Amino acid sequence: MIATRQASLFQNYFSSNYSYNELLSEDGNLRTYWQTFFQSFAMLGIEELQDRRQAIHRFLKENGVTYNIYGDPLGLNRPWNLDVIPFLVGKQEWTTIEAGLIQRAELFNLILKDIYGPQQLIKKGLLPIELVYNHPGFLRQCSGIQLVGTHHLVLYSADIARSPDGKIWVLNDRTQAPSGSGYALENRMAMARILPEFFEGLKVKQLAPYFTDLRDALTEMMPQQNQPRIVILTPGPRNETYFEHSYLSSYLGYTLVQGDDLMVKDNYVWLKTVGGLERVDVILRRVDDNYCDPLELKEDSQLGVAGLLQAVRSGNVRIANPLGSGILENPGIMPFLPAIAKYYFNKPLILPNIASWWCGQPAELKYVLENISTLIIKKIYRDSNISTSVDGSLLSAKKIQELKEQIKTHPYLYVGQEKVAFSSTPSFSDKKVEPCNALFRSFLVSNRDSYTVMKGGLTRTANDSGNMVISNQLGGLSKDTWIINTDTEPEFTQQQSLKSAFGTMTQSQSLSQLQSQQLPVAIMPTYKSSLPSHTAENLFWVGRYAERFLGNARFQRTVMQSITEGNHLQSDNRHTEECMLMALTHYTFTYPGFIGESGKTKLGNPWKELSEMMFDTSKNGGLTYNFGLFSRSVNAVRDHWSADTWRVLRSMEELWVDAATTHLTHFKMVAMLDELITSMVAFIGLNRESISREQGWSLLNTGRKIEAGLLLVNMMRATLVNKHEEQVAYNLQEAVLRSNDSLVNYRYKYKVHLQLPLVLDLMLLDPNNPRSLIYQVVRIKNYLESMPNPQNVAMPEHIRLTTELYEQLKNADKDYLTTLDNTMATYENLDNFLADMYSYLVSIPNAISKTYFKHTQPQRQLFTAG
Amino acid sequence: MKYKIVHTTQYIYYEPISLCHNMARLVPRSTPAQTCTKSTVAIYPEPDVLNEFDDFFGNKVTYFAIQHEHKSLTVTVSSEIERTPIDLKQSIDTYGKVSWEDARMQLYQQRLEYIDARQYVPETEATKFESGITNYALKSFTPGRPIYQAVYDLMERIYKEFQFKPGFTTVATPIAEVMLLRKGVCQDFAHVGIACLRSVGLPARYVSGYIETLPPPGVEKLVGVDASHAWFSAFIPNIGWVDFDPTNNVIPAEQHITIGWGRDYFDITPLKGVILSSSPHRLSVSVDVRRMEKTADNLTT
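Chains as they are written, first to last, in the working numbering: chain A, 1 to 866; chain B, 867 to 1167.
These are calculated hints, taken from the structure and not from any lab test. Any given hint could be a false lead.
[What the hints assert, rightly or not] When the alpha-carbon atoms are kept at most 30 Å apart in a straight line, the in silico DSS-like pairs for lysine-lysine are as follows:
1. B:Lys-1026 to B:Lys-1049
2. B:Lys-1049 to A:Lys-298
3. A:Lys-431 to A:Lys-61
4. A:Lys-265 to B:Lys-1005
5. B:Lys-1138 to A:Lys-408
6. A:Lys-398 to B:Lys-994
7. A:Lys-404 to B:Lys-1005
[Claimed, not checked] Partial list, computed: chain A residues near chain B (C-beta under 7 Å):
8. Ile-129
9. Asn-134
10. Arg-140
11. Ser-143
12. Leu-295
13. Ser-611
14. Glu-612
These figures come from a predicted structure and were not determined experimentally. Heads up, the beta-carbon is just placed ideally off N, CA and C, and yes, glycines get one too.
Given only the sequences and the hints, what does the whole structure look like? Please build it.
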């Protein structure tokens, strides 16, 4: 039974012409662990597998697992793809890989220390100076800096692959800020959650020890500090792997910061928080080293911290990996590694390099030029803007000639590499199992005596089976990576027996055990955890945009309802309708909209404009536009949202996507607004649970309340200030109340027909109405007063402004506001009053920004003329 | 010869600055041909942090930060230099006759000083081989020509074929533009010379320093009329680094004082910094190079 099921799944798999197949052992039989795996696999059946595949997709999407592609028309936040079939590595093979990777990490560590220290390798002729000094990753500024510990290279990563004859090759070395470990962890979490059956009968090694050792390694970098403050430095939300930065930040419990969240003062690095400056001891960096210090390194970098190298030189901050480690990401070093390994260890390399020829030497240059069309040509450094690796066989004669010229001009910048074919591994797509090429990224971290290798990793596969270039930037699929323990005996020594009890997984373990093991609860840092400046600002804006979106959606819904319903309920609704539409334009700032000459024609048939206000992405002030702003702020502080919150956010996104592909009737448009409003209200409600930090909560709500106040003032200015005939005025007052969910309140409180003074009383001055302006202002005041006072001033500007605003509101008189000079067409007192309110509400955020959002100060270069 | 040099740089800001980080490379280093007997760095306002260290090239670096509000910044470096030029005539006569091609080949012998010199062969952003740099160089580096003669000829040609025109270029002007317009100031000419040498595979470095200027006979020298200066240095096997000043068409001797060197201007920028501000600033620089003892005859350049 199983055999036939397998047969249908594996249609054509073995007929594909691959000389080495991962599934088979030397004797041509299916490897035991693959056998076990495919039993579970076939048991599920194709339909179920297809369902699980979608479940994985949904799981990753709801967890916000994304990566960003530069210049991608689909924009930021591409969903992450995960194959249901993992990449399996047997124990025996893993033992070699692990030993080989540790040796390589140790070797690179010694090379790094030497390059920035005594340079014996260069002096002894083991490493040509041209190969080191011409690499942009060689930072002369870092030479001679005294670092501590056995391992200056704290993190190391390598991309490895199997060739058709089963050999393991190292393709790339990553020594700066290797990415992918967070994705590997998330992949495992998805597999454990969605496909627990696959783990049955297989002892899959777990990933957690790597992260425990990572935490230890970072902590030990500043031994003199009992509990060093560790931050993760990210280039920001637009970076391709921002998801991972944020994911690791919450998993490890380290604050996620951007360059302008930090500053150097007194030779120390400080984090700008809403409560003032806090010292930073260790930085886990995800910013390329050249960008880390605009004073000494790349001068126009906005991602770094001016003076950072001074703090490093003074020994007051440590960085993993240290600045300058990018020099090792240099394929030109590969041909020299065997001799260097011999020099340091008197041993050969355990994992071979791909045959490489560095063109900085005459004989190698000649070889590469003569064999160029059969080689892969690489530059010794990566350049994010252009591809630095080309396959000679794919080039035209003209391109070959051009490349040869480039190589001859700067031979020391080029390396020729032998083309290695990859072996195939099964992948599930389109209800079939198919062979594809896989590239495996492993992760190592220093553990003082040696390196710990993650027992797993990130496997990526090429879209089409013949493709040799694998990159997330180019699309492709990822796989969870399972290191299978095939031994029956315990694999650890006695001292480690405790660890071994948790080291492997068996089928007897329940899923929850498995998850709790795979993902130990992030140990919360014990140091004071206050809000970094950037995060604070983003939370503030999440609040403002959420409220803005909500306000706009509600008012637009009111206007649309009034048009569809009003025409049937009232004989002549035309004037009301026009007033409302114009008010909507004023309110949402979607000019010209229904205003002016062009607006006049739109008033006749408003639906096109109303639809554009909802769906046109290029319409400033429109709903899609505002949702985009909201979404960007939410993503920038993505570690603040719970899984439930993500689900709400995703469902809102899906509403847009669905709406964009179908034609909506007027009725459906209103229904969609209903759904969006409900979701946004749910989002706001959920924040109460998910935002643990008090200051973040206060700022988000301050943002909401300020925006709510501004929106209310705007709505009143657009609807109530002008004098209208009785019926229209009545309709507009009703719209204001309805749009603010206060109509019931009004009827309950006043039990009379709508009257302007009473409407103002309820919406401006009633401290018990949660929709009134004074209610918002009281909340703003309370939230702001709960915030720290970093400058230690008696009366901070934002508090002073809020207090003044409050006093003015408290003393306002509804009858004075509605006094009407019969010669005027407007309620002038009301207009002036609302204008005052407006300018207060605009000034408060500026004052808040000056006090709490310290990162917003612009940075500028000083230089001398020659 | 003994000199006293006073170099003042002043920034005036249009709005108060609360934090600045700066790096100065203004303290002259000692070399076999000069001894810096004294050098003081006076900064106003008083910096909150001041670190001194030697950079990768061995130049003296002063890092300082001002962490309180200020509206101007003044850096004055006063140095005393004992200049003792080395007469290279004999060694040039002996070793300068080697052809430039042979000199280039010798660099690849496994000798520490050669390995060290080779770091100055590759082009940098400021010394790119473009706009006919190589062709320009090859007119001086004809096959088999003695290396000293070839470099001297290159210096002379730059002096004759480029017009000295202050204010025409800035530190950011690409070398291609200088080549095209044949105009510039000392640092442009130094970069052209360096790019030419490198384009034929020879090491060259950028030297930052001062030059003593003398008033016409009978006229009193004014204070602060001097300027910082730059020239290039070429590496000749068995002799070492030999300075060439293409702005004045001379082999630097008594009247040239070295601050330090690097691959190009950007390795030895006299003063740079980062401030938190969006408003512009005004810069003024004055340099005074003065002999500390009278000599019998004042030479003019």
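How the hints compare with the structure:
About 11 Å separates the Cα atoms of B:Lys-1026 and B:Lys-1049, which keeps this hinted pair within 30 Å; it holds. A hinted pair counts as satisfied when its Cα atoms are at most 30 Å apart, and B:Lys-1049 with A:Lys-298 qualifies at roughly 28 Å. For the hint pairing A:Lys-431 with A:Lys-61, the CA-to-CA distance comes to about 21 Å; that is within 30 Å, so the pair holds. Restraint check: the Cα-Cα separation between A:Lys-265 and B:Lys-1005 comes to about 53 Å, which exceeds 30 Å; the hinted pair is violated.
Taking the CA atoms of B:Lys-1138 and A:Lys-408, the gap is near 36 Å; set against the 30 Å cutoff, the hint is violated. Among the hinted pairs, A:Lys-398 with B:Lys-994 is consistent with the structure: their alpha-carbon atoms are about 25 Å apart, no more than 30 Å. Our distance criterion of 30 Å between C-alpha atoms is met by A:Lys-404 and B:Lys-1005, whose separation comes to about 26 Å. Nearest Cβ of chain B to the Cβ of A:Ile-129: about 5 Å, under the 7 Å cut. The hint holds.
The closest approach between the C-beta of A:Asn-134 and any C-beta of chain B is roughly 5 Å, which is under the 7 Å cut-off, so the hint is satisfied. Hint status for A:Arg-140 relative to chain B: holds, with the closest Cβ pair at about 4 Å, below 7 Å. Using the Cβ-Cβ criterion of 7 Å, the hint placing A:Ser-143 at the interface with chain B is satisfied: the shortest such distance is roughly 5 Å. Among the interface hints, the one on A:Leu-295 holds; its C-beta lies about 5 Å from the nearest C-beta in chain B, closer than the 7 Å criterion.
With its C-beta approaching chain B no nearer than about 41 Å, A:Ser-611 sits outside the 7 Å limit, and its interface hint is violated. A cut of 7 Å between beta carbons decides the hint on A:Glu-612: the least distance to chain B is about 36 Å, and the hint is violated.
Of the numbered hints stated above, those contradicted by the structure are hints 4, 5, 13 and 14, listed in ascending order.
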